[in-house]
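Novice: Each chain is listed here by its residues.
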Amino acid sequence: MKVLVPVKRVIDYNVKVRVKPDQSDVDLANVKMSMNPFDEIAVEEAVRLKEAGTAEEVIAVTIGPEKAQDQLRQALAMGADRAILIETTETVEPLSVAKLLAKVCEEESPQLVVMGKQAIDDDCNQTGQMLAALMGWPQGTFASAVTKEGDKLHVTREIDGGLQTVALNLPAVVTTDLRLNEPRYASLPNIMKAKKKPLDKKSPSDYGVEITARLKTLKVTEPPKREAGIKVGSVADLVEKLKNEAGVL
Amino acid sequence: MTILVIAEHTNDHLSDATAKTVSAATKIGGDIHVLVAGSGASAAAEQAAKISGVAKVLHAEDDHYAKQLAEPMAALILSLADDYDVLMAPAGTDGKNYMPRVAAKLDVMQVSDIIAVESADTFQRPIYAGNAIATVQSSDAKKVITVRGTAFDAPAMDGSASVETIGAAEFPSISEFVKEELTKSDRPELQGAKIVISGGRALASGENFEKYIYPVADKLGAAVGASRAAVDAGYVPNDMQVGQTGKVVAPELYIAVGISGAIQHLAGMKDSKVIVAINKDEEAPIFQVADYGLVADLFEAMPELEKAL
Ligand SMILES: Cc1cc2nc3c(=O)[nH]c(=O)nc-3n(C[C@H](O)[C@H](O)[C@H](O)COP(=O)(O)OP(=O)(O)OC[C@H]3O[C@@H](n4cnc5c(N)ncnc54)[C@H](O)[C@@H]3O)c2cc1C
Ligand SMILES: Cc1cc2nc3c(=O)[nH]c(=O)nc-3n(C[C@H](O)[C@H](O)[C@H](O)COP(=O)(O)OP(=O)(O)OC[C@H]3O[C@@H](n4cnc5c(N)ncnc54)[C@H](O)[C@@H]3O)c2cc1C
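As they're listed, the protein sequences go chains P and Z.
233 is the number that full-length UniProt numbering gives to position 233 of the first sequence; each next residue is one higher, with no gaps.
119 is the number that full-length UniProt numbering gives to position 119 of the second sequence; each next residue is one higher, with no gaps.
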């Protein structure tokens, strides 16, 4: 089967973002950008399916600026076979991302789409579910285990109360949680090889999808600041303060 | 304005987050209905009817709704959507699962995880692990919203809404429930608890959680949480993870034991009223947000704390 893996270029998870003084947005100038960590897990899972002989081809796709090619090359270096860049400098909301991905699905007919459960910039946690809805496919979100059982896909999901396993018809959309796998680092020879793998460039208009935003960001502000408190000298001191000063015991 | 709140529940029990979602709905204003879809969910429906501000409870009974699978749930919500201007659900793993599915079908851009209502179309939501708060305005005619429960007060439970039984919608037979492993615990639920005590990588084993964290938790009547590192290492189950990609808590008192204070962890607990950190490294970033910091070896401090309580 063919597996499609959407990956997103986001601010590196180690970077602490700052809000711009004019409150228009966060300041992304000159900050380190990386592949969304959940998408690395998605690429890893797809590549493992290929190594296990369950998948024949892994295609990485991104919607983003020209620089998002870096993240596609990383996916290729990890083992994806080819990549598609849908180039835009505009802000693309999950609904539009899902519409574009749906068009890619119609063109490529993958049996499985593996993607991140959330992007760590917007924390929306929507795109995979929206894609599944648009395609009329089932979804296995927040996955910590994925196995093929006959013609069904069994997905173990991390839910608020513990774990839940569902059986999905294929094609399906799976979104990854942190414990699905530990993504590999691309080796230097594989990074070199990835430079020669095919990377198609498209634009949203090639797919006839309008990407007008439905949400308008009126402003972006700093959350209320927490000041560091005091250091206490002992456990007894701590208990006394919690009882008499903070009044929480 | 008519608002439908989709209840989060376990058939016999309605979550606190559902009531808090009703609080958020009250801020938008209008007629508020609650949908309880489940199997043997009369108890949850009755609890929903008591939430102050609710005008009507819609109760749909069918085996297909027992486990809240996204495909049948979304189909049911969509079958009711015409009658409502706003669809809202708590941003738990159920709401996060089916609401975007509903939104996409309605061609609506969902507003995820709101923490404040500024007006009927303008909301605040955290982005970048809570390091920034975006105020967003939705231009969609119908709104699909998920709500961060910890950001809204619990409403009074003195209501007496009518409960109306409604039929099931069609079932897309593309998915089925196989099994679940739910974590059993007599301790309070993480997200509703007044006190939360969380352990990190420093605990080094599940046995040490038993030995050093649980006894203190039980003395305090506290819920127990963990950092991602502790969950990844298998010391405790996944549903105990606090943080950007786990659960968000805002108790009266949060005690972080052997947790360094990575931004992803802080995203899940920094709105707690009082934060205590116990860490042997005085440079640990957790101390930058702690009201009370104790620089100590947890293996000595925790037994002492247990005795002192
Ligand atoms: C104030 C603000 C500023 C923003 N600035 C930027 C910016 O400078 N640059 C930028 O890229 N975005 C920016 N965005 C984000 C953008 O508007 C979309 O919301 C975002 O691309 C959709 O992803 P998500 O994180 O919301 O979705 P989620 O549903 O959280 O993402 C889940 C998964 O969907 C897939 N996915 C999501 N987006 C893409 C994509 N573009 N291509 C391929 N797969 C994808 C990935 O697998 C990802 O793990 C900004 C948003 C806001 C509100
Ligand atoms: C995409 C992504 C999402 C993430 N989401 C989350 C999330 O939701 N929640 C989360 O928690 N993390 C999350 N993380 C992980 C996060 O970045 C940190 O790696 C994690 O929180 C570290 O856990 P820790 O503090 O237990 O471990 P460490 O950082 O290793 O800290 C252990 C601490 O224990 C102290 N210590 C050691 N021994 C003792 C002792 N005997 N007594 C007292 N103190 C001691 C040390 O000084 C240290 O400060 C995420 C990461 C990524 C990339």
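Hints may be right or wrong, so weigh each one.
[To be verified] Stretches of chain P that chain Z covers, calculated by requiring three or more beta carbons in the stretch to come under 8 Å of a beta carbon on chain Z:
{"id": "1", "segment": "70-84"}
{"id": "2", "segment": "87-101"}
{"id": "3", "segment": "108-114"}
[Stated by the list, open to error] Partial list, computed: chain Z residues near chain P (C-beta under 8 Å):
{"id": "4", "residue": "E61"}
{"id": "5", "residue": "I133"}
{"id": "6", "residue": "D239"}
{"id": "7", "residue": "V289"}
{"id": "8", "residue": "A290"}
No lab work stands behind these hints, which were simulated from the structure alone.
All figures in this text were calculated on a predicted structure; none of them were measured in a lab.
Just so you know, even glycine gets a beta-carbon here, dropped at the ideal spot from N, CA and C.
Novice: None of the hints should be skipped; say for each whether it holds.
Specialist: Here is how each hint holds up against the structure:
no.	hint	verdict
1	70-84	violated (count 0)
2	87-101	holds (count 4)
3	108-114	violated (count 0)
4	E61	21 Å, violated
5	I133	5 Å, holds
6	D239	5 Å, holds
7	V289	5 Å, holds
8	A290	6 Å, holds
When held up to the earlier numbered hints, the structure conflicts with 1, 3, 4 and fits the remainder.
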